[in-house]
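*Asks:* Our numbering applies: residue 438 is where the sequence shown begins, and numbers increase by one.
Calculated from the structure, these hints are not laboratory results. This one's a predicted model, so the numbers in the text were calculated from it and none came from an experiment. Any given hint might turn out to be false.
[What the hints assert, rightly or not] Keeping only pairs whose Cα atoms sit at most 30 Å apart, straight-line, the calculated DSSO-like set for lysine-lysine is:
#1 Lys504 x Lys520
#2 Lys513 x Lys468
#3 Lys520 x Lys463
#4 Lys520 x Lys508
#5 Lys463 x Lys508
#6 Lys513 x Lys450
#7 Lys450 x Lys520
#8 Lys463 x Lys448
#9 Lys461 x Lys448
#10 Lys448 x Lys508
#11 Lys513 x Lys448
#12 Lys513 x Lys461
#13 Lys468 x Lys448
#14 Lys520 x Lys468
#15 Lys468 x Lys450
#16 Lys504 x Lys468
#17 Lys504 x Lys461
#18 Lys504 x Lys448
#19 Lys504 x Lys450
#20 Lys450 x Lys461
#21 Lys520 x Lys461
#22 Lys508 x Lys468
#23 Lys461 x Lys508
#24 Lys463 x Lys504
#25 Lys520 x Lys448
#26 Lys463 x Lys513
#27 Lys450 x Lys463
#28 Lys508 x Lys450
[To be verified] Ranges of calculated distance between the beta carbons of each label pair, as one might list FRET restraints:
#29 Met438 x Pro474: 18 to 28 Å
#30 Leu447 x Ile500: 30 to 40 Å
#31 Phe439 x Ile521: 17 to 27 Å
#32 Phe456 x Gly485: 10 to 20 Å
#33 Gln502 x Met440: 11 to 21 Å
#34 Glu477 x Asp455: 16 to 26 Å
#35 Leu526 x Thr442: 11 to 21 Å
#36 Val516 x Glu470: 33 to 43 Å
#37 Asn471 x Val516: 32 to 42 Å
#38 Asp511 x Tyr444: 15 to 25 Å
#39 Asn517 x Asn471: 24 to 34 Å
#40 Met438 x Asn471: 28 to 38 Å
Where a beta carbon is used, it is the ideal one built from N, C-alpha and C, also for glycine.
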Amino acid sequence: MFMATLYQILKYKEIPEDFAPYVKFKAVIDKRENIDPNDEIAILDVSGTTSHHILFLDSYDNIDQIKEELKGADLKANVNTLKILESHL
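Throw the hints in and build the complete structure from the sequences for me.
*Replies:* Quick look at the structure:
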């Protein structure tokens with residue numbers, strides 16, 4: 438299991454170009470047809486890799502849903518990351 442640490446929470450319109458492919462890929466996986474420029478997106482760094490995990494925060498009702506998604510991707514978020522994410526739900 439890999440550790441996921443919060444890198445940033447940004448609005449879609451603020452996403453740096455380097456992260457755009459990750460966001461677009463996640464949108465396809467989530468079958469998200471439209472992304473509003475003001476949608477909040479969390480970018481998590483995956484430790485020991487050059488990869489990132491993207492979360493469209495409006496897709497979750499509670500932190501347990503995020504934990505389940507991360508678990509399915511063989512990821513676990515640290516306590517600080519979970520607290521910050523929960524405050525944005």
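*Asks:* All the hints need checking, so say for each whether the structure fits it.
*Replies:* Taking the hints in turn, this is what the structure says about them:
Between the alpha carbons of Lys504 and Lys520 the distance comes to roughly 12 Å, so the proposed pair stays at or under 30 Å and holds. For the proposed pair Lys513 and Lys468, the alpha carbon gap of about 24 Å is at most 30 Å, so the pair holds. This hinted pair checks out: Lys520 and Lys463 have alpha carbons roughly 22 Å apart, not beyond 30 Å. Of the pairs offered as hints, the one joining Lys520 and Lys508 holds, with about 17 Å between alpha carbons and a cut-off of 30 Å not exceeded.
The suggested pairing of Lys463 with Lys508 holds, with an alpha-carbon distance near 16 Å, which does not exceed 30 Å. Pair hint Lys513 plus Lys450 holds up; C-alpha atoms about 27 Å apart against a cutoff of 30 Å. Taking the CA atoms of Lys450 and Lys520, the gap is about 24 Å. The hint holds against a cut of 30 Å. Only pairs whose Cα atoms come within 30 Å are accepted, and Lys463 paired with Lys448 is accepted, the gap being roughly 15 Å.
At roughly 14 Å between alpha-carbon atoms, Lys461 and Lys448 fall within 30 Å of each other, so this suggested pair holds. With a C-alpha separation of about 25 Å, the suggested pair Lys448 and Lys508 falls inside the 30 Å cut-off, and the hint holds. Distance restraint check for Lys513 and Lys448: the Cα-Cα separation of roughly 23 Å lies within the 30 Å cut-off, and the hinted pair is therefore satisfied. A C-alpha spacing of about 22 Å is found between Lys513 and Lys461, which places the hinted pair at or below 30 Å, so the restraint holds.
For the hint pairing Lys468 with Lys448, the CA-to-CA distance comes to about 19 Å; that is within 30 Å, so the pair holds. Using a Cα cut-off of 30 Å, the hinted pair Lys520 and Lys468 holds, with the two alpha carbons roughly 27 Å apart. This hinted pair checks out: Lys468 and Lys450 have alpha carbons roughly 19 Å apart, not beyond 30 Å. Pair hint Lys504 plus Lys468 holds up; C-alpha atoms about 20 Å apart against a cutoff of 30 Å.
Taking the CA atoms of Lys504 and Lys461, the gap is about 21 Å. The hint holds against a cut of 30 Å. In summary, the hint linking Lys504 to Lys448 is supported, as the alpha carbons are separated by about 22 Å, within the 30 Å threshold. Restraint check: the Cα-Cα separation between Lys504 and Lys450 comes to about 26 Å, which is no more than 30 Å; the hinted pair holds. Under the criterion of a C-alpha separation no larger than 30 Å, the hint pairing Lys450 with Lys461 is consistent with the structure, at around 13 Å.
Proposed proximity of Lys520 and Lys461 is supported: the alpha carbons are some 26 Å apart, at most 30 Å. For a cut-off of 30 Å, the pair hint linking Lys508 to Lys468 stands: about 20 Å separates their Cα positions. For a cut-off of 30 Å, the pair hint linking Lys461 to Lys508 stands: about 21 Å separates their Cα positions. Under the criterion of a C-alpha separation no larger than 30 Å, the hint pairing Lys463 with Lys504 is consistent with the structure, at around 16 Å.
With a C-alpha separation of about 19 Å, the suggested pairing of Lys520 with Lys448 holds against the 30 Å cut-off. For the given pair, Lys463 sits about 18 Å from Lys513 by alpha-carbon distance, which is consistent with the 30 Å threshold. For the suggested pair Lys450 and Lys463, the alpha carbons sit about 16 Å apart, so the restraint of at most 30 Å is met. Between Lys508 and Lys450 the CA atoms are separated by roughly 28 Å; this keeps the pair inside 30 Å, and the hint holds.
A hinted range of 18 to 28 Å is violated for the C-beta pair Met438 and Pro474, which are about 34 Å apart. Between Leu447 and Ile500 the beta carbons are some 19 Å apart, a value that contradicts the proposed interval 30 to 40 Å. Separated by about 19 Å at the C-beta atoms, Phe439 and Ile521 satisfy the suggested range of 17 to 27 Å. The hinted window of 10 to 20 Å between Phe456 and Gly485 holds, with their beta carbons roughly 19 Å apart.
In this structure the supplied range 11 to 21 Å holds for Gln502 paired with Met440, their Cβ-Cβ distance being about 19 Å. For Glu477 and Asp455, the hinted distance range of 16 to 26 Å is satisfied, since their beta carbons lie about 18 Å from each other. Distance hint check: the CB atoms of Leu526 and Thr442 are about 18 Å apart, consistent with the given range 11 to 21 Å. At roughly 34 Å, the beta carbons of Val516 and Glu470 sit within the given window of 33 to 43 Å.
Between Asn471 and Val516, the C-beta spacing of about 33 Å keeps the proposed range 32 to 42 Å intact. For the pair Asp511 and Tyr444, the beta carbons lie near 18 Å from each other, so the given range of 15 to 25 Å is met. One distance hint, 24 to 34 Å for the beta-carbon pair Asn517 and Asn471, holds here, with the actual separation near 31 Å. A hinted range of 28 to 38 Å holds for the C-beta pair Met438 and Asn471, which are about 33 Å apart.
In terms of the numbered hints stated before, the structure departs from hints 29 and 30, listed from lowest to highest.
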